[in-house]
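Enquirer: These are the residues of each chain, in order.
Protein chains: 2
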Amino acid sequence: MFELTRLTTAAADFTQRLDQLLAWESVADARVQQVVDTIIADVRCNGDVALCDYTARFDGWTPENAAALELPQSRWTAALAAIPADQRTALETAAARIRAYAEHQRLASWAYTDTDGTLLGQQVTPLDRVGLYVPGGKAAYPSSVLMNAIPAKVAGVAELIMVVPTPNGEVNSLVLAAAAIAGIDRAFAIGGAQAIAALAYGTERVPAVDKIVGPGNSYVATAKRAVFGQVGIDMIAGPSEILIICDGQTNPDWIAMDLFSQAEHDEDAQALLIAWDDNYLDQVAASIERLLPQMERRSIIEPALQRRGGFILARDLDEAISIANHIAAEHLELSVDNPQAVAARIRHAGAIFMGRHTPEALGDYCAGANHVLPTSRTARFSSPLGVYDFQKRSSLIMASPNSAAQLAPIASVLARGEGLTAHAQSAEYRG
Amino acid sequence: MFELTRLTTAAADFTQRLDQLLAWESVADARVQQVVDTIIADVRCNGDVALCDYTARFDGWTPENAAALELPQSRWTAALAAIPADQRTALETAAARIRAYAEHQRLASWAYTDTDGTLLGQQVTPLDRVGLYVPGGKAAYPSSVLMNAIPAKVAGVAELIMVVPTPNGEVNSLVLAAAAIAGIDRAFAIGGAQAIAALAYGTERVPAVDKIVGPGNSYVATAKRAVFGQVGIDMIAGPSEILIICDGQTNPDWIAMDLFSQAEHDEDAQALLIAWDDNYLDQVAASIERLLPQMERRSIIEPALQRRGGFILARDLDEAISIANHIAAEHLELSVDNPQAVAARIRHAGAIFMGRHTPEALGDYCAGANHVLPTSRTARFSSPLGVYDFQKRSSLIMASPNSAAQLAPIASVLARGEGLTAHAQSAEYRG
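Quick mapping for you: the protein sequence lines, in order, are chains P and X.
With the first letter of the first sequence counted as 1, position 365 gets the number 1224 in the working numbering; the numbers rise by one all the way through.
With the first letter of the second sequence counted as 1, position 284 gets the number 1143 in the working numbering; the numbers rise by one all the way through.
None of these hints come from the bench; they were simulated from the model.
Note that CB positions come from ideal geometry on N, CA and C, so glycine has one too.
One or more of the hints may lead you astray.
[Unchecked claim] When the alpha-carbon atoms are kept at most 25 Å apart in a straight line, the in silico SDA-like pairs for lysine to any residue are as follows:
no., chain 1, residue 1, chain 2, residue 2
1, X, K1012, P, L978
2, P, K1012, X, W969
3, P, K1012, X, G1061
4, P, K1012, P, A938
5, X, K1012, P, E1277
6, X, K1012, X, G1061
[Said to hold, decoys possible] Covered stretches of chain P (in silico footprint by chain X; criterion: 3 or more residues with CB under 8 Å from a CB of chain X, positions within the stretch not fixed):
no., region
7, 1071-1084
8, 1234-1246
Put together the whole structure using the sequences plus the hints.
Expert: Take a look at the structure:
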């Protein structure tokens, strides 16, 4: 019989065993690092020639010239026109919902004038140009194109550049259709560390961007880390995770399927369930046992659940909440009565799915909130991808002659206390 | 005669020469990295014993026991009571202004229910516990304690832990007084990579935090990079910079002193002036020539100006603005008529100081906006330190049975398009 790890909070070593189950250290691979460093140096030095070369070597097709690296807009328009109507409608509906949610996140500039007459404020501006990495091949997710691109466009980013590898010259038509719907400005058929280098430093053909977002394999992630500082990057994501808190009143088949939906991503994905009724955990275990053999992606789900899945038996809801705050899960389902009251007590989670009718899968695709979320307990200090990731703030300060006279003596005393006398004199001139 | 680099936009190689002047690559030092890795591993393994050991080795005093690493609150209170009245008033006034500005930044949670009945929102929560690194010795800046600590407390961070090395057991009393005013919760007399390791992983005595902020030397910066992911970190700052746009109507002595105030930080600091009147640049050069010999920190100011300082002669204000947007300076002074109209055209800058009566020094100490700002052109994609760095957001999603029935078919089509059939079935159960 298939057996998930079971932990009980009553055990003396519970916290230790939980932390072992959660543990994830992304191993920095020295060989990958070396390859990536070489590729970045090559692209910085040789530009488009290097891009064509790596594309021939890694993607299995040889661009005729640098112009052939660009996917013209006509390709996306054609892809959008060619996909089945139900897929087009689904993409468009999801895009509209993601856009509506993003509109709520947009920050506005503000300013105030204090009683002395000093104007203080914050001017909010979009990034000029953003690069979006989209993986090619089997892990090509059109939903990720929507989730990464739409907040950038809502922020007002003037130019959004997509890069997507096209193994053997083939490009996923759903990805292109999603790019058309999301409002991508230009697209290039490049991938891997070479695409990240091109976006960070620019080539003759590929314009340099200010920030790079989007998921990728270990070469892409290592390259993003390497160019950070030259450009901004989003998070380097760890494996995906779900934590479900259930009061035992939800159909156990539903919970089993929610756990599967996480586990089917890859063998490192983590699916956890907390309940305070041992009998309910048995029911979910029975559902897993029965449903697993029917799952198309069983060969991924089963090892994922075996390696990193788990059932946690808590004393009660209060203890379940406390454990959820420790875990700080990427996805947290509250499959309970009155989920809003429980959500208000959650301090750390990427996204909170409330109630029995809100499986993570709805949020992954079309509820509207972003599916790019902090993993590996980083929800303790970071947030979902959003419009704010594509806006930045400049402080605004304007003293009047009167307020400068008020502020100068204070600045002078503090500057002299720090031994910075040019600062002091600069202030005193206006005093 | 003292000569600054002069560039003119009329020169064919202007952009190239400007980029050479701006260029700054922080060199990753392999030896520092190795030392830091060893220290982090040691602190993770040996906790307080390692902290006492490194303190004895690097800071020149031997803690009697682990308890001696903590600076009790009575020390800060005593320091605050002991400093001169004008310094105390200046610190308290600055703190009140920094707090007032920060209050404007606090994000609030929001939620809305769409026409289908799906609730969507964003729950904003503070970080639980934050570590603040404060350098010891000569670069001990009480103003930095205020600038880093106050936004965290305004955000609602429950526990703020300060670490500060105390070379030979000596601690800067202004730093302790600032800690008392800023509302630090606990403080430890530790520094270097060992302090960063202790904050990231915790020891018996030092609690593990969720994010580490504050400036430090190359060991501290390298350690922060190494623990990123385990905890959040603020930016790794490059050398400080100022860019002044002046219409030639400001007293040239004032502009010279503003350039000095940047250059006195360290020899890598960058001070640039753009004008469109060659004669005015000559006047500022004459002011520099005359004032420089009187400056206490001449030995730092002079090499900084010589190595990385510069005058830029533009054609007009429009071109000056365009150059400023390319440079994306940490500090931008607009010493011009109608500075607000100019500020509205600035897309990239850390902080904008508007008008002839607003030198950077006022903002560094007491205007209210934060002095922790993006350097080295990173204002293209990042923002001043603020309350938002100590808050995070969890997405909220709650479908009703009705809205789940609307959303499920969309999610199902998209999930099947991506080959994720457990996602599809999880959605369909609620359809």
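Enquirer: Which numbered hints turn out to be false for this structure?
Expert: 3 and 7
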